[in-house]
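Novice: Please build the complex by placing chain B on the supplied structure of chain A, with the hints as guidance.
There are 2 protein chains.
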Amino acid sequence: MKRTLIKELTTTINEEGQQIYGWVHNIRDKGKIAFLEVRDRTSPIQVVIDNPEGKTLDIKKYDIVSFTGTPTTSGVKSGIPGVEFQATDHQVLTSPKEDYPLPISTKAQNNPDQEFNHRVLSVRNPKNNALFKIQADIAKHFSEYMRSEGFTQIFSPKIVPQIAEGGANMFKIDYFGRDAFLAQSPQLYKQIMVGSGLERVFEIGPVFRAEKHNTSRHINEYISLDMEMGFIDSYTELMDLEESMMQYILGKINEEHGDEIQQYFKTSINVPKETPRLALNEGIDIIKSKYGYKNREEGDIDPKAERLLTKYAQEEHGSDFIFITNYPTKKRPFYTMPTPGNPEITEGFDLIYRGLEITTGGQRIHDYEQLLSNLRIFGLTDKGLEKYLDAFKYGMPPHGGMGIGLERTTAKALGLDNIKYASLFPRDVKRLEP
Amino acid sequence: MKRTLIKELTTTINEEGQQIYGWVHNIRDKGKIAFLEVRDRTSPIQVVIDNPEGKTLDIKKYDIVSFTGTPTTSGVKSGIPGVEFQATDHQVLTSPKEDYPLPISTKAQNNPDQEFNHRVLSVRNPKNNALFKIQADIAKHFSEYMRSEGFTQIFSPKIVPQIAEGGANMFKIDYFGRDAFLAQSPQLYKQIMVGSGLERVFEIGPVFRAEKHNTSRHINEYISLDMEMGFIDSYTELMDLEESMMQYILGKINEEHGDEIQQYFKTSINVPKETPRLALNEGIDIIKSKYGYKNREEGDIDPKAERLLTKYAQEEHGSDFIFITNYPTKKRPFYTMPTPGNPEITEGFDLIYRGLEITTGGQRIHDYEQLLSNLRIFGLTDKGLEKYLDAFKYGMPPHGGMGIGLERTTAKALGLDNIKYASLFPRDVKRLEP
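Here the protein sequences line up with chains A and B, keeping their order. Residues 478 to 911 in the numbering used here are what the first sequence lists, from first letter to last. Residues 478 to 911 in the numbering used here are what the second sequence lists, from first letter to last.
Same shape as in the complex, but just chain A (with noise of 0.2 Å):
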């Protein structure tokens, strides 16, 4: 017998024999006659089974159960509203062991150990299901986007080498006796292949990040949607990029989930008409003239200095984002490009989205003695980076990039106060299961 997914019932009202699968989540039981609340992946309805004799109900809360009836209207207002399905049989396929450590519920206020520990449970409440998809629609639409302005999709390798820069903040890994690395970005692969001939290039992927921070905002493992482009004139080229892209983006997944996101998470997408920028400097003076706060991260933007700056976004110019540019040159990686004239600051910017960094980015050295003479300045070696230098004897274009992280990004778009409810199984400094 073939299945019908409960969402498609309503096309198929009064026609008998049909079967429904799902999980059962409700279950009144009034002895004559009993209705369940089924959920398969599409939609919850509600099942009515006749019982004229009384007999004890065979389906516990939560069994997986098959069944088979008609759909038929009804003054039912839960699940799909005036349909319900009339089971005329049924099998318990598999049933719990034992009860559920949580409840399936959208008004649980789990703790993060909770949600973690059970995540099969925890993301069967219909608020972290929709997370999940919402969070799905998002690469799917970067990928999109990525593909209508000409980039190529790659995979770049994640176990690295040893390179003179890394090890800081990277996991090692025994790679058949010698030294690994996992990348914390594909950074200079994409710019390889920048160089390709491809031009333009993303990816999406993990990255890995040997940080001990253990806070709202960091994970050590997560989803990098990266993107590199060759022929730009000046870094303000991938703003405008990056600010037409999160219109898409935002844009599509609010005429999706704009009710979902209503109804479980309690915000709106606000899609930005256009993002305000500000240098660095000026950043750190209007917060302090206009919220009195002094910035403490020297060339860089401290986590309160962040939501200040959104603050002010929205006050101003009524966004969620705001770019902030001219970061200074060390604060930035070595293959960062100076501002000409003003090689103390560099072409690059992040985006702060409702107080959080979510996007890194900026044009890069694309001149072989530039770069070189830069690995000096910053104090390194070409060891490990033969390869990627390699690139740039032969000669690259100018071009730039960016990395946005998805979890920030899905986080931040549900007004969650923790990205780690935005990673299915999160790695931190004390969590490495499941």
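Incorrect hints may have been included.
A pair counts as met if it fits within one copy or between any two copies, since identical chains are not told apart.
[Claimed, not checked] Think about it this way: if two alpha-carbon atoms lie no more than 27 Å apart in a straight line, the pair counts; the simulated DSS-like pairs of lysine-lysine are: (1) Lys-532 / Lys-574; (2) Lys-860 / Lys-649; (3) Lys-860 / Lys-574; (4) Lys-807 / Lys-870; (5) Lys-649 / Lys-729; (6) Lys-574 / Lys-864; (7) Lys-781 / Lys-743; (8) Lys-807 / Lys-771; (9) Lys-689 / Lys-864; (10) Lys-649 / Lys-689; (11) Lys-604 / Lys-554; (12) Lys-729 / Lys-617.
It is worth saying that the hints were derived from the structure and are not from the lab.
Specialist: Structure of chain B alone, referenced to chain A:
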């Protein structure tokens, strides 16, 4: 000035002041006129530079150049046939500092080390450039097919805890002083997510195998196209799905890239109508009786037998694909569903494509007690599997899935004799760079 892509020049014929960017791949300098072959990511074109005063041309082969000028109609046959670009001005953006160590030619016979050591150059070869665009499209069409069938994309962790089963073929990591491993498959996570109510999930991500084989069929890090689905009646549904999916993916690749595949790879995609299915024993018998070859691997198929099964599928069924089913239980992982009534064999399959296994799949055990009992039969404990087993304790629907190797699929579709060619930066026992 706004850039025009070379491919788009056909729509702006005779419009002055266009700007194109690209790599100069060939120069015929006739003194008062020079003809250059210039390539951007979209196409090559012939660029003409009039030089009535006979000045020395300041462009060298493989320079990256910006040209300003006018596209005109012409009798030219190369590049964009019928169109050339009359350059009035140009600016060299970057020059190679050294001669290229390998030729950029579709006829080049580079050895694998040359290819992989110089990826920025070897991917410039139009053949490799096409290869990686096709690979990106295989991943794209896989995603699209999955989504159209109601699957949600997930991102499971690549850093995983030690489990009793694992370790032998897994890379070990130092995770903040604890032993951790790189995931050799998203298996356990995708199964949990079926139980989370998402029901149908897919993932595109790296997997890591610490196997010491160094053959044309193995790499130690590869991209796995994974899927898992709930509420199946039998593993034959999974084969049905993969059959339809391969028709979809390869049909699209054929439509979009058939000409390039013919031109560069001298092969063509044979979109399967129906894929033959043989039990392992039947397959072994057939190649013995038909080709006189005795399979050498106990309970599995050796590489030569894989090639002969393909020969059989091609000769008898006109198919480049063949499913082999019912592998013995002892050769499959502990979570594999044994055949009811015949627990020595399993409800699973491999898919062989042009002589190489590209997929392993099957139905999984969903009953908690049966899974615990199977762990014992396999001599395993639940160490590190506690959270995985919880998913079954709380009730899992009948389910199954598969994993498809992206590099293997790409290599076979294009007739490559080594799957490493289908990896941008392959990792093998000896190769960790670039």
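Novice: Indicate, hint by hint, whether the structure satisfies it.
Specialist: Evaluated hints:
1. Lys-532 / Lys-574: within (23 Å within a copy, 86 Å between copies)
2. Lys-860 / Lys-649: Close inside one copy (17 Å) and across copies (24 Å); limit 27 Å.
3. Lys-860 / Lys-574: For Lys-860 and Lys-574, the Cα distance is within 27 Å only across copies (20 Å; inside one copy 56 Å).
4. Lys-807 / Lys-870: within (24 Å within a copy, 53 Å between copies)
5. Lys-649 / Lys-729: Neither: 39 Å inside a chain and 41 Å across chains, both beyond 27 Å.
6. Lys-574 / Lys-864: between (56 Å within a copy, 14 Å between copies)
7. Lys-781 / Lys-743: within (23 Å within a copy, 60 Å between copies)
8. Lys-807 / Lys-771: For Lys-807 and Lys-771, only the intra-copy Cα distance (21 Å) is at most 27 Å; the inter-copy one is 66 Å.
9. Lys-689 / Lys-864: between (30 Å within a copy, 25 Å between copies)
10. Lys-649 / Lys-689: both (15 Å within a copy, 19 Å between copies)
11. Lys-604 / Lys-554: Within one copy only: 20 Å inside a chain, 60 Å across chains, cut-off 27 Å.
12. Lys-729 / Lys-617: both (10 Å within a copy, 19 Å between copies)
Going down the numbered hints, you'll see the structure goes against just number 5.
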